[in-house]
Amino acid sequence: MIEAQAITARHGANAVVRDVSFAVAAGESFGIVGESGSGKSTLLRVIAGLHEHWSGGLVIDGMPQGRRRPRGFGRVAQMVFQDPYGSLHPRQTVDRALAEPLIVQGFGHDRARILAALDAVGLEARHRFRYPHQLSGGQRQRVAIARALMLEPKLLLLDEPTSALDAAVQAEIVALLGRLRAERGVTFILVSHSLAVVAASCERAAVMQEGLFVEEAAIADLRRGNLRDPYARELFAASLGFRRG
Amino acid sequence: MSMIGAWLASDTPSTYRQAVAGRFWRGTLGLRHQPMILTGTSIVLVFAVIAIAAPLIAPYSPTAQDLALNLRPPSAAHWLGTDELGRDILARLIWGARITLGIVALVSVITAPIGLILGCAAGYAGGWIEAALMRVTDVFLALPRLILALAFVAASGPGIENAVLAIAIVAWPPYARVARAETLALKHAEFIEAARLAGASPLRIVLRHILPLCLPSVIVRMSLDMAGVILTAAGLGFLGLGAQPPSPEWGAMIASGRQYMVDQWWVAAMPGIAIAAVSLAFNLLGDGMRDWLDPKQK
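Chains as they are written, first to last, in the working numbering: chain A, 1 to 245; chain B, 1001 to 1298.
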């Protein structure tokens, strides 16, 4: 589904992603764990075509990708952002937000598809004409997920989709994402600072530190702490400490 | 009535129309706590009604001369007195409201959209497009408004249409500034990136996603500017470059009353009071709008 070769991304003169290569098979769920500033979000934005200053090779769904993405790219990959308060237009109703991708891609304002999408993310028809400020954080994130799924993309990029939410809602969203993936066979790339979230939703994960992939492991190894890299082990130990506390 | 109220206040609107109506309803309710907006709007509305109903309420024709009755002080027959040609000042003020409010409306209609679109486009495009557009606005902002407007009117010839055009030409750059600043702040918002990711064209993003969010700041700026537009129009009229006689434009009325200011003060004072009242009303409206709409103030 996606093959990344020696991706290097810059913010000004700083290389925040350095020489990262990985591949994710169709239908797989791949996690990227790292602390803030490790470059994991930038990597995701490079894949989405939202960050232009990068070099390396990127093939998504068999198509080599350049700096600018063609309009149809929206039907291949979509993204769910970290902050559900910032990712919905404050003056647009849920209906408008969900219709936008359809209209832009030439499907028109399809009422049935909007209702189906609301249903798929556990929202009801009565939420359809609400403004974001009339929704809770969890409901907003569900709208953002529904919006990302409107075009039935093959690849879903998740940028810390749960970290702005409280623990109970986090669990709901993780469960929702798991269910959607099982139903639709969408490929996931999930970025998170939390090993627990990645362990709950991914089959394979990479640990990222200062722009580098320092470890790539199956989720079973990650769970057991069966890791080579000292930093990855440290991150694992930290997550255990957090759980005990 | 209560059913309509409940429909409007509903937190769970069931149609798009209800959602939009509800948003406006909540906004209108918020107006109750904005005495400045209410006062400003009422004064402006009074003048607007006067302007629209001018033929019905003006006691005399604004141009009918009666040299036997010139420069009379306020009396029962002529509430605000008469001018040097014996024309009724009240009638002239009432007809002049049309000109003044017409200028304000025309200038706003011309400048706000131009400034808004240019500013949003510049902010979103960035690079050389932004540099070029913003340097042009800087050129306009560098010169005092009235002087620049004077130069344009002097070049194109006096008259009300040219005055409107001149004011419009000098009035749009601040809107472009405001809109650009807002756009720069919004451009990297996640909901804009989501629209980009959906495949929306830059034009669509600017017009459908960014522009509506810049609108409140521009409206605030516009209502604050209206008083300035009135003063500039009156200034041009006063200098003889705006409305031409016998048109009852307030600035021109002050100019002709200037010669009699010491002995017949009402000739210049009445239009002066009218200008002051309308400017004050627009200022109140603008200040109130800023308090009400500007999210940074909350």
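Hints in this document: simulated from the structure, not taken from any laboratory.
Take the hints with a grain of salt, since some may be wrong.
[As the list claims (entries may be wrong)] Partial pick of chain B residues on the chain A-facing surface, computed with a CB cut under 8 Å:
id, residue
1, Thr1012
2, Pro1013
3, Tyr1016
4, Arg1023
5, Leu1067
6, Leu1069
7, Asn1070
8, Pro1073
9, Arg1135
10, Glu1190
11, Ala1194
12, Ala1195
13, Ala1198
14, Gly1199
15, His1209
16, Pro1212
Glycine is no exception: its CB is placed at the ideal position from the N, C-alpha and C atoms.
Checked hints:
1. Thr1012: holds, 5 Å
2. Pro1013: holds, 4 Å
3. Tyr1016: holds, 6 Å
4. Arg1023: At 7 Å from the nearest chain A Cβ, Arg1023 (chain B) passes the 8 Å test, so the hint holds.
5. Leu1067: violated, 60 Å
6. Leu1069: Leu1069 (chain B) check fails; min Cβ-Cβ to chain A is 58 Å, beyond 8 Å.
7. Asn1070: violated, 58 Å
8. Pro1073: violated, 55 Å
9. Arg1135: Violated: closest Cβ of chain A sits about 25 Å from Arg1135 (chain B), beyond 8 Å.
10. Glu1190: holds, 4 Å
11. Ala1194: holds, 6 Å
12. Ala1195: Given a least distance of 6 Å, the restraint on Ala1195 (chain B) holds.
13. Ala1198: Status holds, d = 4 Å.
14. Gly1199: holds, 4 Å
15. His1209: holds, 6 Å
16. Pro1212: holds, 5 Å
Hints 5, 6, 7, 8 and 9 from the earlier list are contradicted by this structure; the remaining hints agree with it.
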